[in-house]
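Top line first, the protein sequences correspond to chains A and B. Each number in this note's numbering comes from the position in the first sequence (counting from 1) with 1 added on. Each number in this note's numbering comes from the position in the second sequence (counting from 1) with 24 added on.
These are calculated hints, taken from the structure and not from any lab test. Treat the hints loosely; a few may be bogus.
Below, in silico cross-link-like pairs of lysine-lysine (DSS-like), each with a Cα-Cα straight-line distance of 30 Å or less [unchecked claim]: (1) B:Lys115 / B:Lys38; (2) A:Lys137 / B:Lys115; (3) B:Lys38 / A:Lys137.
These are the residues of each chain, in order.
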Amino acid sequence: MDFVIDTHALTRRYGEAIVAVDSLDLRVRRGEVYGFLGPNGAGKTTTLRMLLGLVRPTSGSATVLGEPPGAPAALRRIGAMVEAPAFYPYLSGRDNLRVLARRGGVREDRIARVLAQVDLDARAGDRATTYSMGMKQRLGVAAALLKDPEVLILDEPTNGLDPAGMAEMRDFIRSLAQGGRTVLLSSHLMGEVEQMSDRVGVIREGSLVAEGTVDELRGRTGLRVRAEPLPEAIDLVGRLPGVGAITTVDGAFDVAADAAEAPAINRALVEAGIAVSELSPRRASLEDVFLELTR
Amino acid sequence: MTRMISAELLVLRKRAATWILLGLWTLLSVFFAYVIPYALDPEDAVGGLNELLPQSLAGHLTAGFPFFGGVFALMLGVFAIGSEYGWDTLKTLFTQGPGRLRLFTAKLAALGVALVPFVLAPFVAGAVASFVIARIEDAPVHWPSAWLLVRALGATWLILAVWAALGALLGVLTRGTSLAIGVGILYALVIEGLLSAFTDSVGALEPLSSVFLRSNGYSLARALGALPEAISSNGPGSFGGPFVAPGQAVAVLAAFIAGFAAVAGLVLRRRDVT
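Go ahead and model the full structure; you've got the sequences and the hints to work with.
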C-alpha cells in the first residue's frame with residue numbers, strides 16, 4: 002500500500018502533564034480524502050503541525066511523501082492551511098499569493114488560476130484585511146493550491162463559511178481529490194467529514210480511537226419496527242433467528258439485524274396478527290459513532 | 025534566492041510602517057542636524073556655520089546615525105520578522121518549501137536592501153539643506169570628495185544594519201514587535217547610554233564600552249569627520265569616548281551583525297511554530 006502520510010507512535014507532549022498527541026499511528030493512502038475527526042483539543046492541529054514540520058514530535062516518527070516532516074523536498078509538494086488562514090493584512094489577496102509564489106519558487110501565472118478556482122478573482126486586488134471570513138478561508142485554500150500540490154493538508158477548511166459556502170467548499174475539495182490528489186482534512190464537523198472523506202480517523206485525547214470508511218465506522222445495519230401492540234411485537238421479534246439486540250425507542254424498537262431479515266420479520270408479525278406501521282432500515286449516524294467514541 | 029528576496033522586499037515595500045519610518049527618520053535627521061542649529065544661531069552651534077555647509081556633510085550627518093538612526097533601523101528590523109508572529113504568517117512562511125534558514129537569509133538580505141534608502145534619503149535631504157544654508161549665507165559650496173561620501177554611505181549602512189539585525193533578533197526572541205522595540209530602545213538608551221556615561225568615572229567599564237554599538241558607531245562617524253563635541257552633546261545618544269580605531273569599529277559591527285543573525289537563525293530553525 003502506498004502511504005503518502007505515515008506516522009509511527011507519533012507523540013507530542015507539552016511538559017509532563019499535557020500529552021497533545023499520544024502514540025499516533027496514522028496512514029493516509031495516495032489519492033484519498035482522509036477525514037481527521039475529533040473534538041476541539043483532541044490533538045488534530047498539533048498532528049497537522051507536526052506533519053508540516055512546524056512542531057517537533059517529542060517521540061515517534063512520521064514521513065510525508067517519503068520525507069521527514071518539514072523537509073524542503075516534501076514541503077514543495079504539499080499545500081497546507083493550518084488553523085485560521087494568515088496573510089499580510091495590508092497586501093491584496095493577489096500580492097499575498099505573489100509573495101508565497103516567489104518564496105515557494107512557483108510560477109506567477111498560477112496565481113490567476115488559483116484565484117479563479119476559489120472564485121476570488123473579482124476581489125483579488127483588495128487588501129486582505131477587507132475580506133470576510135469566508136473570503137479569507139478561500140484565499141487560504143488558494144494559497145494551499147498555489148504549488149499544485151500532491152498533498153493538501155486542510156485544517157477546518159469550512160470554518161467561518163455560511164451553509165452555501167460550506168457546500169461549495171465541500172464540492173470543491175472533492176473535486177480536488179478527483180485529480181489524484183491526496184487530501185488530509187481535519188474537522189470537528191461530522192457532516193463535513195462524512196460527505197467528503199473516503200476514510201475517516203477519529204482522534205480522542207491525542208490517540209486514534211477508530212479508523213475506517215464511513216460505512217465501516219457506522220457499523221451493521223439495523224431495522225426500526227413500529228407495530229401494535231408493541232410488547233407482543235418485541236417478544237415475537239426477539240425470538241426470531243438472525244435477530245440481535247432490541248432497543249425500545251419512542252413507541253417503536255430498533256433491532257440489530259441485517260436488512261435482508263426485514264421480510265421475515267414482517268411476515269412473522271403479520272401472521273401473528275400484529276399491525277406493522279413501519280419497518281425501515283436503520284443505521285447509526287457518524288455523529289452517533291463519534292459521540293460514542295469521544296465520550 | 026533572488027525571488028525569495030524580491031518576495032520579502034514586496035512585503036517591506038508595501039507596508040506603510042516602512043515608509044513612515046523612512047519619512048520620520050529623514051525629516052528628523054535634517055531637522056536636528058540643520059534646521060534647529062541654523063534657526064537658533066549657527067555661530068553658537070558646535071563647529072559653527074562651517075558644520076552646516078556642504079563641505080561638512082559627511083561627518084555632520086553621520087553623527088546622527090549611531091543612535092537616532094539606529095533606533096529607526098531597530099524598529100524596521102523588529103517589524104521585518106516580529107510582525108510575522110503577530111500576523112501568524114510564520115506558519116505560512118515556513119511551509120513554502122525552501123527551508124527556514126534560506127527564508128530567514130532572504131529576509132535579512134531584503135532588510136539590508138531596505139536600509140539603502142534609510143541611508144540615502146538623509147544624505148540627499150542633508151545635501152539640499154546644507155546647500156540652501158550656504159546660499160542664504162552666501163558661503164562657498166564645496167562638496168565632500170566622492171570617496172569620503174562613499175565611505176560615509178557605507179559606514180552609515182553598516183551602523184543601521186547592526187541595529188536592524190538586533191531588531192530582527194529581538195523580534196524572534198520575543199515573538200512579536202512591542203516588547204522587542206521596548207527592549208531594544210531600553211538597551212540603546214539605558215544600557216549603552218548610562219554605562220557609556222559612567223566610563224569616565226568607572227574605569228572598569230571602559231573595555232565593556234568599547235564593544236558597544238554606540239561607541240563603535242560613533243568611532244566610525246568620528247573617522248569620517250564628525251566632531252567629538254557634536255557627538256558628546258547628542259542628547260540621549262551622546263557619547264564622550266573613548267573612540268576606537270575605524271578598522272576595529274567595522275570589524276566589531278560586522279561581527280555583531282553576524283552574531284545577531286546567527287542567533288536569530290538558530291532560534292528560528294530550532295523553535296516550534298505553535
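(request) Quick one: which hint numbers does this structure break? Sort them smallest to largest. (result) none
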